[in-house]
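Protein chains: 2
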Amino acid sequence: MMTTQRSPIDPGPVDVIVVGAGYAGLTCARALVDAGRSVVVLEARDRVGGRVFTETLPSGVPVDQGGQWVGPGQEHFASLIDETGCTTFPTWVAGEALELRDGLLHRYEGLVPTSDKDGSADTVATLLELDLLAQEVSPVEPWSHPDADRLDRQTFAQWIDATVETPIARALVTTACQAVFGAEPEELSMLFVLSYAHSGGSMSSLIRTSGGAQERRIHQGAQAPALALAGMLGRRVVLSSPVVDIDHGRSGATVSVAGAHPRQFHAGRVVVAAPPSVTGRIGFSPALPGDRMQLIQRTPMGSVTKIHAVYERPFWREMGLNGQLVADRGALRSVFDDSPDDAGVGILVGFVAGSEDRRMEGLGVEGRRSHLLGELASAFGPDAAHPLEFVEQRWSSEAFSGGGPVAGMGPGVLTAVGPALRRPVGVVHWAGTETAEAWSGYIDGAISSGIRAADEVLAALVAPAGTGGS
Amino acid sequence: MMTTQRSPIDPGPVDVIVVGAGYAGLTCARALVDAGRSVVVLEARDRVGGRVFTETLPSGVPVDQGGQWVGPGQEHFASLIDETGCTTFPTWVAGEALELRDGLLHRYEGLVPTSDKDGSADTVATLLELDLLAQEVSPVEPWSHPDADRLDRQTFAQWIDATVETPIARALVTTACQAVFGAEPEELSMLFVLSYAHSGGSMSSLIRTSGGAQERRIHQGAQAPALALAGMLGRRVVLSSPVVDIDHGRSGATVSVAGAHPRQFHAGRVVVAAPPSVTGRIGFSPALPGDRMQLIQRTPMGSVTKIHAVYERPFWREMGLNGQLVADRGALRSVFDDSPDDAGVGILVGFVAGSEDRRMEGLGVEGRRSHLLGELASAFGPDAAHPLEFVEQRWSSEAFSGGGPVAGMGPGVLTAVGPALRRPVGVVHWAGTETAEAWSGYIDGAISSGIRAADEVLAALVAPAGTGGS
Numbered sequence: 001m002m003t004t005q006r007s008p009i010d011p012g013p014v015d016v017i018v019v020g021a022g023y024a025g026l027t028c029a030r031a032l033v034d035a036g037r038s039v040v041v042l043e044a045r046d047r048v049g050g051r052v053f054t055e056t057l058p059s060g061v062p063v064d065q066g067g068q069w070v071g072p073g074q075e076h077f078a079s080l081i082d083e084t085g086c087t088t089f090p091t092w093v094a095g096e097a098l099e100l101r102d103g104l105l106h107r108y109e110g111l112v113p114t115s116d117k118d119g120s121a122d123t124v125a126t127l128l129e130l131d132l133l134a135q136e137v138s139p140v141e142p143w144s145h146p147d148a149d150r151l152d153r154q155t156f157a158q159w160i161d162a163t164v165e166t167p168i169a170r171a172l173v174t175t176a177c178q179a180v181f182g183a184e185p186e187e188l189s190m191l192f193v194l195s196y197a198h199s200g201g202s203m204s205s206l207i208r209t210s211g212g213a214q215e216r217r218i219h220q221g222a223q224a225p226a227l228a229l230a231g232m233l234g235r236r237v238v239l240s241s242p243v244v245d246i247d248h249g250r251s252g253a254t255v256s257v258a259g260a261h262p263r264q265f266h267a268g269r270v271v272v273a274a275p276p277s278v279t280g281r282i283g284f285s286p287a288l289p290g291d292r293m294q295l296i297q298r299t300p301m302g303s304v305t306k307i308h309a310v311y312e313r314p315f316w317r318e319m320g321l322n323g324q325l326v327a328d329r330g331a332l333r334s335v336f337d338d339s340p341d342d343a344g345v346g347i348l349v350g351f352v353a354g355s356e357d358r359r360m361e362g363l364g365v366e367g368r369r370s371h372l373l374g375e376l377a378s379a380f381g382p383d384a385a386h387p388l389e390f391v392e393q394r395w396s397s398e399a400f401s402g403g404g405p406v407a408g409m410g411p412g413v414l415t416a417v418g419p420a421l422r423r424p425v426g427v428v429h430w431a432g433t434e435t436a437e438a439w440s441g442y443i444d445g446a447i448s449s450g451i452r453a454a455d456e457v458l459a460a461l462v463a464p465a466g467t468g469g470s
Numbered sequence: 001m002m003t004t005q006r007s008p009i010d011p012g013p014v015d016v017i018v019v020g021a022g023y024a025g026l027t028c029a030r031a032l033v034d035a036g037r038s039v040v041v042l043e044a045r046d047r048v049g050g051r052v053f054t055e056t057l058p059s060g061v062p063v064d065q066g067g068q069w070v071g072p073g074q075e076h077f078a079s080l081i082d083e084t085g086c087t088t089f090p091t092w093v094a095g096e097a098l099e100l101r102d103g104l105l106h107r108y109e110g111l112v113p114t115s116d117k118d119g120s121a122d123t124v125a126t127l128l129e130l131d132l133l134a135q136e137v138s139p140v141e142p143w144s145h146p147d148a149d150r151l152d153r154q155t156f157a158q159w160i161d162a163t164v165e166t167p168i169a170r171a172l173v174t175t176a177c178q179a180v181f182g183a184e185p186e187e188l189s190m191l192f193v194l195s196y197a198h199s200g201g202s203m204s205s206l207i208r209t210s211g212g213a214q215e216r217r218i219h220q221g222a223q224a225p226a227l228a229l230a231g232m233l234g235r236r237v238v239l240s241s242p243v244v245d246i247d248h249g250r251s252g253a254t255v256s257v258a259g260a261h262p263r264q265f266h267a268g269r270v271v272v273a274a275p276p277s278v279t280g281r282i283g284f285s286p287a288l289p290g291d292r293m294q295l296i297q298r299t300p301m302g303s304v305t306k307i308h309a310v311y312e313r314p315f316w317r318e319m320g321l322n323g324q325l326v327a328d329r330g331a332l333r334s335v336f337d338d339s340p341d342d343a344g345v346g347i348l349v350g351f352v353a354g355s356e357d358r359r360m361e362g363l364g365v366e367g368r369r370s371h372l373l374g375e376l377a378s379a380f381g382p383d384a385a386h387p388l389e390f391v392e393q394r395w396s397s398e399a400f401s402g403g404g405p406v407a408g409m410g411p412g413v414l415t416a417v418g419p420a421l422r423r424p425v426g427v428v429h430w431a432g433t434e435t436a437e438a439w440s441g442y443i444d445g446a447i448s449s450g451i452r453a454a455d456e457v458l459a460a461l462v463a464p465a466g467t468g469g470s
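Heads up: the protein sequence lines correspond to chains A and B, in order.
Position 141 (the first sequence) corresponds to 141 in the working numbering; numbering is contiguous.
Position 383 (the second sequence) corresponds to 383 in the working numbering; numbering is contiguous.
By construction, these hints were calculated from the structure, which means they are not laboratory data.
Each hint should be verified, as a subset may be incorrect.
Between beta-carbon pairs, the in silico distance windows are [what the hints assert, rightly or not]: (1) Glu141/B x Glu129/A: 34 to 40 Å; (2) Arg250/B x Gln264/A: 57 to 63 Å; (3) Leu363/B x Gln264/A: 32 to 38 Å; (4) Glu165/A x Glu437/B: 41 to 47 Å; (5) Glu437/B x Arg359/A: 47 to 53 Å; (6) Arg359/A x Glu389/B: 51 to 57 Å; (7) Glu129/B x Ser79/A: 54 to 60 Å.
We put the CB at the ideal spot given by N, CA and C, even for glycine.
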């Protein structure tokens, strides 16, 4: 399936250079090729997929180290999964979930932990309130909300402090914030949080498994459709080619690549399909407009580490548990059953997010492993401490992602420089899930952003199609 | 005085490579050379000085497009000014200042506008309160404050909303925030603001002219001492050499430079003397630790445009005005008399900062000129609309600064990743005014940060001095 080459013959000038071979870049390139345009995709890493990466462990078990789920309403991703011959299965949910609160374990069913009636009711009420507020904020132009300035001046933490009554609900909403954004509530603008939630339907749909963003998984791994796209694009995808400079003008752009084979590519248009902060690594001549430069600096990636612990079997299912854990403290605040569809082995996937992730920096790989296995054991019992395999994926140390799962905006950013997010700069266009008009932050949003950028470029290219070198 | 060369002969391996020839990098390099070490300074721009840049206008008048003042307590900068044979003179303050409030002009004397007694008293009380709070927060390790988490969760805007009673004082404190940080109060953590203020003594000292950070100017221009340092360093300073990659290990580092003459330099240690967000443009192998990567993404530069309007004479002095303006709305919120010491011409310098600066993006050079001259005229009279010369310096569009005047931290950043600010990563050390332990954000802080980094490197270098190639 993977037919990309590391060093194709220099293709000469093309119609469009796409920077980044994540879902956004690959989708964009495919749409441009389908429209008869010549395209080169330049990818910094030695693989495609961006923040989506399926790794096969030494034992042969594939695990998704990055984005992995598909849910209702994600039609772009669902179509691509179908088209590329991939198949899905439901995330395991049968059984009770675990709540770890004040050091005590509780079992519960449904979306929200129930060990404390008031806390549970308050959490549900908070989610409802967030969902109602989010419906009023456009995910496309949140700065157009009549109350945008006030909402953007407020942090999510401020809203929580002012609105959420019980400590339990505050802790749960904070945990949800960390899991969704990889960031703490005080780091995020309320306007941004509402816009992001609306982009994926509602906050509730973002945190749901069944009926929400974590509903289904892909048998072949979430990177498989990206690999299939790369296969279709063939030699147009050039790996291990970090773009360091983009010289752009009215007639086109010259894109310089570093790495083992430094060289230059020329095109009429460029689509940069990477998180805003990662685009900050590229030198632009002439320099980008001030609002774009500010946006790049004010859209930091979240912090997240994803861990997988592989066991002989999903032993928690035998205990009536579904493998889900929500914790109010500790490093691992959310855990899911990530076993393969046939349950040939049992796998737990856990997330260390936000400040917890940053605190774990100093522990080192072994220190984190031992600490996190201890936390798994205190939730799922002593068997959890002895997995067959254990891997961590620290997105915060991935140079070409800068963190994960998504970028977040602090107070004041959307209203000040939000419009720079999608606005082209001359012949340079922007894609990537952070620019998506729906499901921003998700694979589905990456795909639709690639299509939107391709549409922009096709409308801008006045020369007849098919004149390029591909 | 300026003897640096663009293309020296490749110097072979050196003891230390300094990245950035602003005041931090130049001072660091000089200290290392004084200690007998071989040094190369790699500068991306075709000039030294970083955010300090004295430009001679077509008429021959020199103006400081960036940092320009020196005040009491800035002993590092004062010593360097002396040492390099430069001289200072007081910023012009004789006469009354102007306050533009609700569209009406008022004259006042002293630090704070006085047109409204309650507003004035409230502003003074607010500054006092900020000064008291700042004294409790360490400028070196603000995260060690017993209440650091709460203060870092709070934005400066939240504190203003909760503390400042009158709309007039709120507007004045907001204007001060924009002028000092190039950012809006909602973008900044209260812990950061207090730490920054303490770093320069107090918030009052940051905003004072006489007795404060704007007290004196340099006859030769604020870049002159930097040019003198560069002259001393001679061929060690390599201009037009943007660093794109730093490969680092136990035994040293290889630094790759792009630009017209791509090449590599080798050294035992590297000092990166640039704003944190600008260091994000450099690819590090191995990748930087997660907390450092987060810091880079969460320390955006402010937005500021500096304008100079040159007139035949400082006509406002004849009207009893000192050229200072504080406005509660509009683009130009603060203006100073920037005439040369001999008043051979009259010059007003104005600042467009924070959101105002971002809003002016779309106007273009001519649109901004005409808008800003209109604002000057409405304050200083119709003569102000017709300067002999008018220049703008948009730091927000300067690729190798990313904005100005300084970097700011939003809520949650200092407590989460603050310690990564100065902590070396293997053989890579960090300098720059953002890392300063005193006068962070000022030229003085840049200088002391360079000395501190040089001390770190000298302590780390175990080989006998003088073994390098310089």
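Hint by hint, where does the structure go against what was stated? Just the numbers, ascending. Failing hints, ascending: 2, 5.
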